[in-house]
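Chains as they are written, first to last, in my numbering: chain A, 1 to 888; chain B, 1001 to 1179.
Don't take every hint at face value.
With a cut-off of at most 35 Å between alpha-carbon atoms, the simulated DSBU-like pairs for lysine-lysine come out as follows [said to hold, decoys possible]:
| # | chain 1 | residue 1 | chain 2 | residue 2 |
| --- | --- | --- | --- | --- |
| 1 | A | LYS264 | A | LYS232 |
| 2 | B | LYS1018 | A | LYS429 |
| 3 | B | LYS1151 | B | LYS1104 |
| 4 | B | LYS1140 | B | LYS1099 |
| 5 | A | LYS26 | A | LYS90 |
| 6 | A | LYS503 | B | LYS1016 |
| 7 | B | LYS1018 | A | LYS435 |
| 8 | B | LYS1070 | A | LYS435 |
| 9 | A | LYS758 | A | LYS464 |
| 10 | A | LYS809 | A | LYS435 |
| 11 | B | LYS1151 | B | LYS1140 |
| 12 | B | LYS1016 | B | LYS1070 |
| 13 | B | LYS1018 | A | LYS503 |
| 14 | A | LYS254 | A | LYS264 |
| 15 | A | LYS809 | A | LYS875 |
| 16 | A | LYS232 | A | LYS254 |
| 17 | B | LYS1016 | A | LYS429 |
| 18 | A | LYS809 | A | LYS264 |
| 19 | B | LYS1099 | B | LYS1151 |
| 20 | B | LYS1104 | B | LYS1145 |
| 21 | B | LYS1016 | A | LYS435 |
Treat the hints as calculated values from the structure; they're not laboratory data.
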Amino acid sequence: MSAAGEAAATPQSVTLTLNGMEVKAKPGQTILEVARSVGVDIPTLCHDPRLEPYGACRMCLVEVEGARGPMAACGTQVREGMVVHTHTEKIVKLRRFVLELLLTNHPLDCPVCEAAGDCRLQDYAYEYLVDMVPWGWRPPVVGEPGDHPNIAHYGARCILCGRCVRICREVMSIGCWGYLNRGYESEVDTPYRLPLTEVGCVSCGQCVSTCPVGAITTQRSLLGARAWQTSKVVSTCGYCADGCRLVLHSYRDKVVKVSADVEKGLNEGNLCVKGRFGLGYVHAEDRLTRPLLRNSQGELVPTTWEDALTTLGERVKTLTSTAGGSAVAALCGTHVTNEAGYLVQKLLRTVLGSSNVTAEDEGEWSAYEALWAHGLGVVSDGVRRGDVRTAQALLLVGADITESDPVLALEVIRAIRTGRPVIVIDPMKTTVASKAPLHLAVRAGQEAAALRAMLRHVVEAGLKDEGFLAAETADPEAFLASLADLDVAGEAAQAGVDLEAVKRAATMFAQAASALVILGPGVLQGSRAKEVAGAALDLALVTGNAGRPGTGVYFLRSGANSRGLFDMGVRPGRLPQGSLKDEGVLEAAETGWGACLRDLPEGFGLADLIPAIERGTLKALYVVGADPVLAMPDYERTLAALKRLELLVVQDAFLTDTAELAHVVLPAAVTAEDEGTFTNAEGLVQRLRAAVPAPGEAKQDWAIVCRLAQVLGADWVYSQPEDVLREISEVAPAYRGLSYRELETEGQEVAAERSGSKLRFFPLGRMSAAGAADFPETDDDHPLLLVTGPVFIHHGTGERSRRAPGLSKLLAEPSLEINRADASAWGLVQGDRVRVTARDGAALEVAVTLSGRLPAGMVFLGRFSSQVPVARLLKGDVAAAAVRLEKV
Amino acid sequence: MDEHELEERFQELLDKYKGEPGALIPLLQGAQAIFGYLPQEVMARVAEAAGEPLSQALGVATFYSQFRLKPHARHTIRCCHGTACHVSGATLISQEIEKHLGIKAGENTPDMFFTVEEVHCVGACGMAPVVMIDDRAYGKLTPDKAVAAVKAFREQKEVQEAGGNSGAALVAASERGDR
Ligand code: SF4
Ligand code: SF4
Ligand code: SF4
Ligand code: FES
Ligand code: FES
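Turn these sequences into a full structure, and let the hints steer you where they fit.
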C-alpha cells in the first residue's frame, strides 16, 4: 500500500505492543485509554476523561521505543506498531521524582484531610515507595475551608493540576476557578478569592469530584467517615429525569456521601448539586417512621401497620361496596419506582376496579400522547443521550435545561463550546440562551408561531429534504400545500421575534447534517403543548431529521421516573401493555392478569381529579409520593376538595402538605432506601439499590402496595421487587427481557416502538393561531405575567430538596425574579419584599431578585416552598397568572 | 482626565474588541493604559467583553508582570532579586528600604509617592545589587546607600514637583543618587 493510500483510508484499528503484550486499539485513542482498557494502570494526576488532555503533571510518562524522551500517556495517541513500556525502572524513578517534588510543597496533614483514603497523591506516594522527601516537608496547614455549605477549599493542599479550573470551564462553561500569579507563586483560587457563591458557582461539585487531592473537597461534617469505612452501592438519582448513576456511600446507616463513576453511566461522573449534595433529606428529622391514623378528635396519631392497614382495608371495602371501585383514584409522584407504579395501577384496576390512576406530571404528556399517532415512535422514542451529543444542531423550545436537567444540559453546553448551532426559543434569556449563538426571545406562549415561521421559511427557501419527504412521510404534498397561506413575516411578528433571526434559525436547523429538537416543561403544559410539539415534529420531518442518529424530538420530563410511570400504565387510558384503546393490548392484559378490564368505567385523569371530588363521584384518593396541594393549580380549591374526601391515604416519607389532610398516612422509604428501577426520560431503565435501611417502620413503596392489595383480598405473591420486574418484563412489550441480572452493571434501554408505516405530519393548518390564549391576560390592574418553572437547586414542589441541608442552605426560599426595568418602574430594589396578588385576590409575600433573564412584563417564582405556595396564585392547566405587586 | 472621560475611553475600547477572539491581552493593555492599573470592576468588564471567565482574565493579568492590579504610586522602586543581586545581598537591601518606607513589597506609601516592588534581573548584573527608581538604576548598593538613594530621589522630586526646578539642585541630587 502506498503512503498516500494509507493516509486516505482511516484504519479500523491499530496494533501496538504494551509491556510486551500485543494490543488492538481504535485510532485516535491515547496510550492511557488503551492501557486502562486492558487493565494496565498508568498513574495520572492532571487527567480526567471528562476533560481535554492537558499534560501538566508528568505522572503518566511512559517510554515509547524510538521516541526522544518519555511521553505523556494521557496526551499521546497510539500509532501502528508503537512499542510502549509503562513501568520501566527509569519511568518509575521519574514518577517518584514528580511525587517528591509535589510532596515538598504539600502539607502532610492527612489525618485531618477530607480526602485521606481517597487521594491520588497519597495512593501514588505509597505505590511508588516515596518514603522520605529529600528537601524536607511542609508542616500541616489547615486554613479556612470557605463558607460554601458543601464545598471546602484548602489552597495549601493544591498541586496545581488545573482539573478544577478546567472542569468548571470546559464542562460547566462557568469558570469559577483560575490560576493566579506564576512560577513559584502560582496558586489556584477564585478571582479575588471571592466566595464561590459570588462567582457564578452552581454548586455542582464537579470540581470536588475531579480534585485528585484534598484541596477542593466536601465540607467535613460531624460523624462523617473515611473512604475505607463506608459501604458503597450503585443506585440512580431520584430527582430529575436525567437518570444519573450514583454511588451512595454509607456509614452506620447514614448516607454520608454521593459520588459518580467517571467511566460508567450516562452521566460519566458528572452530577448536579441535587445528585451530589441533595440526599440530606434521607436523614431529615421529620421523616415519618410509623403509620398515622386520624382519630375521632381529628388528630393524626401513630399506630401499627396492622392497625393502619386493617382500618384502611375496611374503609375501602365499605366505600367501594356502595360507591363502586371507580370512586377510588390513585395519584403517583414522579419518583415512584416502576415496580411500585406497576403495582399501584394493577391494584386499582384488578383489585378495586378503577381506571383512575395517574401521575403528577400527566399534563406534560398530553402532547406526546396526542402526537403518538403521527409516528412519534420514530421521531421521539428512540432519541437518546448519544443523539443529543452527536446532533449537529440543537433547537431548544421552552427548555430551561440547566435548571430542569442539569446534567443533560452539559451536552448542550458542549455543543455550544464546540461551535455547533444551538438555537433557543424561549421568552426568557435562559442560561443556555445567554451562551447560545441564537436566541429567539418569543412572546410568552408564542413558541409555536416561531416554529411555524421557521418551517415556512425552510419550504420557501428550498431547504426541505425532498428525499426524506418522498420516502418516509405520508402525503407530503398535501401538508406542504397546507402551509401555502402561512406567512413567515406574519408568524415572526406574532411570535414577536426578528424576521431575519427566524430565517437564520431555520437555515441553521435545516442545513445541519443532523438536527434535534428538545422540548421542555415551558411548552409542555396547556393546550399549546400540542401545537408546539406538532410544529416541532413537522419541522423535523420537513428537514429530514427523524429516525437517524442525532435527530428527532426529545421530550424533557419532570421527574426521575416520569417515563417509567407512563410506561407502567399509570394513566387512565394506558396499560403497561400499551394503549387501552388497542383491542390486542386489552386482551393481552386480561389474560396476563386474569381479570376483566373491558367493563371498567373510563378513568379520569389529573385535570378531572378535583372536579370529580367536587361532583362527589370521587370519594377516596390514594396518593403515593406526591403532594397535590402544592403541585396542582388553585391551592384553595385543591385544599377544599381534598378535605371533602371520605378517605385520603397518603404514602410518603414526610408529612407533606397533602399528608396533613390525610385520614391514613403510610410511612415510605426514600430512593436511597429503595429497591427497584427507574426509567429516565430517554428510556434507560436503571436499578435503585438501598444504601441504608428505611427508618423506623417505614417501608418500600412496592411492599406497602402489596400489603394493601392483600388486605383488600388480592392473592399477590411478590416477595421482592425483582418479582414485580419479572412480571413487568412479561407484560410490557418495551420491557421484554429485562431482569435485575441484566441491569446489574448498567442500565438497559427500553425498546422504542417503531411504527412501520410512514410518518404523518401534524396538521398545522387547523391549528389555532393564538398559543398565548393559554396564558392569563394581563391588564392595567394586573400587568405582570407570573410564570413558574424548574429551579436547579430544588425539585418539583420541594418535599425532598428543601429538607436537604446541602440544598436548602443554598436556597431556602423562592424569591420573585423581576426584570430590572420593571423593578424600577415598580420602585423595587433587590431584597425588597412584595405582596404578589392574582386577579382573584389570592396573594403571597416574597422577596424580590433583580434578574437579567426575564423579559419586561414577566416575573418568575419557583414552586419548591410550602411556605410560599405558588399554587395559590395559579389557575387552569398552565402554571401562570396575571399579577400585581405591592411593596410591603 | 475626569472619570467620565475615562469611562468613555474604556467603553470605546470594549466596543472595539467585543466578540473578537484573542482580545483578552489587548483589552487588558488598553484598560491599563486608560486607568493606570486594573481595578476589579474593570477586570470584570474586560473579561465579559473578551468572552472569558473573570478567573481567566485575572489569571492572565497576574501572570504577566506588565499588568498591575493595584494603583501605582507616582514613583516605583524596583528592588532586583535576580540571581546576581540575590547573592550580593538584595534581601537585606529590600528589608532596609521597606523598613525605611514602612511598607512591604507590592504596597504604596500612604502619600502615594512610592510603590515598592520586587523584580527579577533588570539587566544590570555587573553592578549588583541593583535598585531601580523609575527608570534610573542605582548599583553596587549597601542597605545604607540604598536608603540614601531613596531619600535623595524623594528630595529631588519634591523640589521638582514643587516647581523649584533649579538645575543645580537637580544635578546634585542625581549625582548623589547615582553614586
Ligand atoms: S461547584 Fe461546579 S460551578 Fe462551582 S466551582 Fe465547582 S465546578 Fe464550578
Ligand atoms: S484545587 Fe485540586 S483540582 Fe484544582 S488545581 Fe488544585 S489540586 Fe488540582
Ligand atoms: S437531579 Fe438530575 S441531573 Fe442532577 S444528579 Fe440527579 S439525575 Fe442527575
Ligand atoms: S496525567 Fe498526563 S500529564 Fe498529568
Ligand atoms: S540580577 Fe539583579 S540586575 Fe541581574
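Evaluation of the provided hints:
no., hint, in the structure
1, A:LYS264 x A:LYS232, "holds, 15 Å"
2, B:LYS1018 x A:LYS429, "holds, 20 Å"
3, B:LYS1151 x B:LYS1104, "holds, 17 Å"
4, B:LYS1140 x B:LYS1099, "holds, 20 Å"
5, A:LYS26 x A:LYS90, "holds, 28 Å"
6, A:LYS503 x B:LYS1016, "holds, 28 Å"
7, B:LYS1018 x A:LYS435, "holds, 15 Å"
8, B:LYS1070 x A:LYS435, "holds, 31 Å"
9, A:LYS758 x A:LYS464, "holds, 17 Å"
10, A:LYS809 x A:LYS435, "holds, 28 Å"
11, B:LYS1151 x B:LYS1140, "holds, 17 Å"
12, B:LYS1016 x B:LYS1070, "holds, 25 Å"
13, B:LYS1018 x A:LYS503, "holds, 25 Å"
14, A:LYS254 x A:LYS264, "holds, 24 Å"
15, A:LYS809 x A:LYS875, "holds, 31 Å"
16, A:LYS232 x A:LYS254, "holds, 11 Å"
17, B:LYS1016 x A:LYS429, "holds, 25 Å"
18, A:LYS809 x A:LYS264, "holds, 30 Å"
19, B:LYS1099 x B:LYS1151, "holds, 13 Å"
20, B:LYS1104 x B:LYS1145, "holds, 19 Å"
21, B:LYS1016 x A:LYS435, "holds, 21 Å"
In this structure, none of the earlier numbered hints is contradicted; all agree with it.
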